[in-house]
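Participant: In case you want the letters, here they are:
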Amino acid sequence: MKKNIPLAIVMIGGLIWVLWVFIPHKILSEDFMYKFYIPWVYVQFPFGVILGVLSLIMMHKTKIQRKAPKWQYSFFALGGIAITCIAGFGWGNQNGSPMMWMFTNMQMPMSSTMFSLLAFYIASAAYKAFRARSPEATVLLLAAVVVMMAQVPFGLKISRHLPDISQWILDVPNNAAKRGIVFGLGLGGVATSLKILLGIERSYLGGGD
Amino acid sequence: MKIFEVLQALDRRYIYLVVALAIIVPLMIPYNSDVVTTPPTENLYQLIDSYAGRSDKAILVSFNHDAATMPELFPMEVAIIRHCFERKIKLFTVSFLAAGAPIIDYAINSVKEEYPDIQSGVHYCNFGYKIMPMITALGMGDNIATTIDTDAEGRKLATLPIMKDIVNYNEMNLIIETSGSTAGGVWITYARAKFGANVAVGVTAVMAADMYPYLQSGQLIGMLTGLKGAAEYEKLVDVFAAYRDDYFPTGRPFSKEILRDESVKKLINITTQTQAAFTPEEYNSITDK
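So the protein lines, in turn, are chains B and U. Letter by letter, the first sequence follows residues 1 to 209 of my numbering. Letter by letter, the second sequence follows residues 210 to 498 of my numbering.
Same shape as in the complex, but just chain B (with noise of 0.2 Å):
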C-alpha cells in the first residue's frame, strides 16, 4: 500500500497529462484544467510558501543555537526576512513605500554588485580556458573572439561585416551545437517521463528497492 497508492497516483496523474496534450477534448482542455486543475494549484501554492518560510527559519535558528560556522550571518539572514515582512505587510509596494526604498536603496545595488562580479571571473576563467594549443581549440578561440569584438562597438570600428559573421557564427554552427543538445534532452526526458509512467523508475518513492 504505501508504494503502490503513490505509484498509483504518479501513473494516473502522468496520463492524464498525456491524454491533455494529445486528446483536445472538453473534459480534458476545459473541466479537468480550468475548473479542477488550476484551482487546486493555487491552493497549494501559499502552503508551499509558507513551508518555505518555516523551513528557512528552523535552519537559522538551529545554526544559532548550535553556534555553527558563520553563525552571525543567520541573523541578518532572519532580521532581512522580518524586516521585509514587516514592510511588504504593512505599506505595501507601491511607489515611495519602505519596501520599494529597500528595493531600489539596497536590493537593486547590492545584487546587481553580486551578479556584475560574474564578469571578472568569467573574463579570468575565459583567459585561461581559450589557449590556442590545438586546432580545435584555435577555432573555439577564434569564434569567441569574432562573437565578442561584434557584441561590442568598437568591434564595427574594425570591420563592419563583424556583426554578419557573428551572426553566421551563432545560425549555424552554434545553433547545430545547441539542437544537438536540446534533442538530447529531449528525448532523454522523454524516456525518463516513460520510466516514471510505467513505474519502471521509482527512486522519487524513496527508499532503496
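Hints were generated in silico from the structure; no laboratory data involved. Every residue gets a Cβ at the ideal spot worked out from N, C-alpha and C, and that includes glycine.
Selected chain U positions facing chain B (Cβ under 10 Å, derived; list incomplete):
hint: 1; residue: ASP275
hint: 2; residue: ALA276
hint: 3; residue: PRO311
hint: 4; residue: ASN318
hint: 5; residue: MET341
hint: 6; residue: THR345
hint: 7; residue: ASN352
hint: 8; residue: THR355
hint: 9; residue: ALA414
hint: 10; residue: ALA417
hint: 11; residue: TYR421
hint: 12; residue: PRO422
hint: 13; residue: THR434
Pairs of lysine-lysine residues, derived as DSS-like cross-links and limited to a Cα-Cα distance of at most 27 Å, are as follows:
hint: 14; chain 1: B; residue 1: LYS128; chain 2: U; residue 2: LYS211
hint: 15; chain 1: U; residue 1: LYS373; chain 2: B; residue 2: LYS35
hint: 16; chain 1: U; residue 1: LYS365; chain 2: B; residue 2: LYS35
hint: 17; chain 1: B; residue 1: LYS178; chain 2: U; residue 2: LYS403
hint: 18; chain 1: U; residue 1: LYS373; chain 2: U; residue 2: LYS403
hint: 19; chain 1: B; residue 1: LYS26; chain 2: U; residue 2: LYS403
hint: 20; chain 1: B; residue 1: LYS35; chain 2: U; residue 2: LYS403
hint: 21; chain 1: U; residue 1: LYS403; chain 2: B; residue 2: LYS195
hint: 22; chain 1: U; residue 1: LYS339; chain 2: U; residue 2: LYS266
hint: 23; chain 1: B; residue 1: LYS26; chain 2: U; residue 2: LYS339
hint: 24; chain 1: B; residue 1: LYS35; chain 2: U; residue 2: LYS339
Given the coordinates of chain B, work out where chain U should sit on it, guided by the hints.
Facilitator: Chain U only, in chain B's frame:
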C-alpha cells in the same frame, strides 16, 4: 612560444585590473558609438509597432528576473514600455518571481513621468506577481480576465477599460519574456505551440546562444540580447517613436527631417508608421538606396 607561456601564467589580478579598466574608462570618457540594429531586434520592434493605436491588440511583458540582472535587462524593458506609451499600444506586465514585481513598478514609474496622459487600467495594466508560469500561460489562452482575476492594485481585471476587446492570445498576441535564463521556453511550449501566440525574449548576453535555435526556427519572432539589444531597441524607439531633445521637446516628427539623418535612412523599412510627411517619390528614393 615563450610569450604564450608568460601570458598563460599571468596572475589573475592583472586580468581583473584590465576588466576594471575596460569598465571604468568608457564611463569616465563617454564614447558615442554607432549602434547597428540587427534583424531579431528589428522584427520585435516591427511587430510591437504594428499594434499602435489598436484596441484589439496588446502585448505582455513578463519580468522574469530579479535585481541582479537589471543592468542588462532593465534598459530593454524601459525601451519597450516607452515604445508602448508613445504609440498607444496596450501593455500588460507580469512577473513570476516575487523579486520581479517591484521591478515592474520601477520600470513603469520611470517611463510614466514622460507621459502624463497614460493611465493604469486604461493604457496599461500590471498583473503583478503571479505564481506558476505554465498554469498562467495555459489559462490566458482561454481567458485572460478569468485566469488573472485581479491586477497588482487589486482591481477586478474584467472591469478595467483596457480589457475591452481583449480576451486571450488572439488579442494579446505578443509575449516578451525578459530573463537571465531560458524561462522564455514556457511561452514557446504552451502559449505558442498550443495557442499560436507570438513570443519574443530579452535575455542577458550569456543566455543568447541558448535561445538562437528557437529564433532560427521561427518559434521566437524576435530577441533582444543583453545591453546591445537594449541599445538597438532604444535607437529604434528614439528614431521612430520617442525622440526628444532641446529642438523637439514633445518628440521629433516622423517626417523629412528624420530621413535626412544618414544613420536613419537604412532603417526606414523597419517602421510601420504611416504618418510620414514625405511624398511616395521621396520614400522610394530613400528605400532604393
